[in-house]
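2 protein chains.
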Amino acid sequence: MKAVILLSGGLDSSTVLYQAASQGYECYAISFDYQQRHRRELEAAKAIARCAGVQEHQVVSFDLRQWGGSALTDEAIDIPEYRSLDQMSQNIPITYVPARNTIFLSFGLSYAEATGAQRVYVGVNALDYSGYPDCRPDYIQAMQTVFNLGTKQGREGKEIAIATPLINLKKTAIIELGNRLGVPWEETWSCYTGGDEACGVCDSCQLRLAAFAELGLKDPVPYALRHEAIGA
Amino acid sequence: MKAVILLSGGLDSSTVLYQAASQGYECYAISFDYQQRHRRELEAAKAIARCAGVQEHQVVSFDLRQWGGSALTDEAIDIPEYRSLDQMSQNIPITYVPARNTIFLSFGLSYAEATGAQRVYVGVNALDYSGYPDCRPDYIQAMQTVFNLGTKQGREGKEIAIATPLINLKKTAIIELGNRLGVPWEETWSCYTGGDEACGVCDSCQLRLAAFAELGLKDPVPYALRHEAIGA
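Here the protein sequences line up with chains A and B, keeping their order.
Counting from 1, position 105 in the first sequence corresponds to residue 105 in the working numbering; the numbering is continuous, with no gaps.
Counting from 1, position 143 in the second sequence corresponds to residue 143 in the working numbering; the numbering is continuous, with no gaps.
Treat the hints loosely; a few may be bogus.
Identical chains blur together in the list; that is why a pair holds if it fits in one copy or across any two.
Stated by the list, open to error - In the SDA-like style, the derived pairs of lysine to any residue whose C-alpha atoms are separated by at most 20 Å in a straight line are:
#1 Lys152 / Gln141
#2 Lys2 / Gln55
#3 Lys152 / Asn91
#4 Lys2 / Thr115
Simulated from the structure, these hints should not be mistaken for lab results.
Next comes chain A alone, as it looks inside the complex (with noise of 0.2 Å):
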């Protein structure tokens, strides 16, 4: 059997993808640039790609800073920086990319179908971070009846599954699933910025350093800065 795993290279997606190979799927891994600041990313989602022993890696390339309306998209708009989980939590971050994970799944689903895979994992998780409209349950349950209903495959009765194992999971759960699995941290990449070395101090960094922390683990990746305000 074969899935599409959605991998930007982070720690969910990396969970998700090992995951899904120890299931016994023949994975299919689907990379984006889509030019944003992070795209340091992409090697990361290459090497663990490579270390999972994937039968493909796609990366797909298109440029969202065309509209940008993102911090991720707009060089113009700051990385938010040490905020507090609550500050996180209280609204739509501006590192929301308009219907970033639509583009993604839609992609994954193109993928899935030309390949005749019957499942598409994407690593969103709805606890740690749930400021993203497009990580919910709900949301993730309309792109399941769009999968059903805008394909080949979905209209002759073989369902294409959105497969969301990290939904419900708080990020240290994450990572306890991922040390099982033996994921290799150091080749991950969450940063939001694009440098040598993980900033420490945006969101995304925070988070993870946050949760290794409260584990009592250390965070192989370098950073430049471990701010660990969050739960340390």
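Given chain A, put chain B in place with the hints provided.
Coordinates of chain B only, in the frame set by chain A:
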């Protein structure tokens, strides 16, 4: 009020653009270079966008040949020719591109949210050529739910509505509508092949030629052949 219009440069989407403009919308056109065999349609899209006086025209580039799966994205698969309307409507045709409209609508949604548009117009049609699963009303309704749940605007109750003014129109009715709106047919391109002249024998050419013929009108686009078997 702003509207995003998915513009392929064909007869249907050009009519939709002219209709949105006639209704007073500030029009933001979006076209897709997905390395389709008939990329020549992008020249038509640019010409039509210019003629219609759009506010902005975005061309998004990506490569659906990466996984193919369609006669439009895989040179090894022949484009069907000389098919009757009956033959066309029996099965989902090989010119179906996996999840193409889902990808297109996702980008349209992203562009609409970043631009502050309230509508996304798409020229899908469920009547004349009902083979494509992603042209049917139930699919469009599912995408509307995705639009509502998967965006910041949608979660805040500011709906981005998918408008499908042609979904229940016959091709002849679309041409009559386009004539009333002043669509410059000579600038449009519907053919699935990429030559200097339209082929005249692919499904798309034949449907178009048959509709013009049924109305007693001459299609001003140059054709290599004019089969006109259907409805002529």
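ask   = Checking Lys152 and Gln141: alpha-carbon separation at most 20 Å within a copy, between copies, both or neither?
value = Both: 19 Å inside a chain and 17 Å across chains, each within 20 Å.
message = Reference check for the pair Lys2 and Thr115, CA-CA at most 20 Å: within, between, both, or neither?
response = So Lys2 and Thr115 pass the 20 Å test inside one copy only (8 Å; across, 38 Å).
request  = Using 20 Å as the alpha carbon limit, work out where Lys152 and Asn91 are close: within a copy, between copies, both or neither.
outcome  = between (38 Å within a copy, 10 Å between copies)
message = Regarding Lys2 and Gln55, is the shortest C-alpha distance of 20 Å or less found within a copy, between copies, in both, or in neither?
response = Only inside one copy: Lys2 and Gln55 sit 9 Å apart there, 44 Å across copies, limit 20 Å.
Checked against the numbered hints above, the structure violates none of them.
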